[in-house]
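Based on the provided sequences and hints, a complete structural model is requested.
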Amino acid sequence: RCYAHNAEGQLMALFSIAVAASEIAVGLALAFRLYQIRFTTNVDELDTLKD
417 RCYAHNAEGQ
427 LMALFSIAVA
437 ASEIAVGLAL
447 AFRLYQIRFT
457 TNVDELDTLK
467 D
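When we follow this note's numbering, the leftmost residue of the sequence shown carries the number 417, and every step to the right adds one.
Derived Cβ-Cβ restraints for the label pairs, each shown as a range:
(1) 442 <-> 422: 26 to 36 Å
(2) 423 <-> 455: 40 to 50 Å
(3) 421 <-> 441: 27 to 37 Å
(4) 430 <-> 451: 26 to 36 Å
(5) 425 <-> 448: 31 to 41 Å
Bear in mind the hints are in silico, worked out from the structure with no lab data behind them.
Backbone N, C-alpha and C define an ideal beta-carbon position, used for all residues, glycine too.
Right, here's the structure in full:
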């Protein structure tokens, strides 16, 4: 079998890449926002968010 003319696999790969890129964008946005609020990237100092 030859799946060279089947675009479903390519669309699935493209969709997976798009989802991964959006997850990275959200994670970076959260990290930058936390840095703006707390002026630190030390995880131990950010544990006050649990309260």
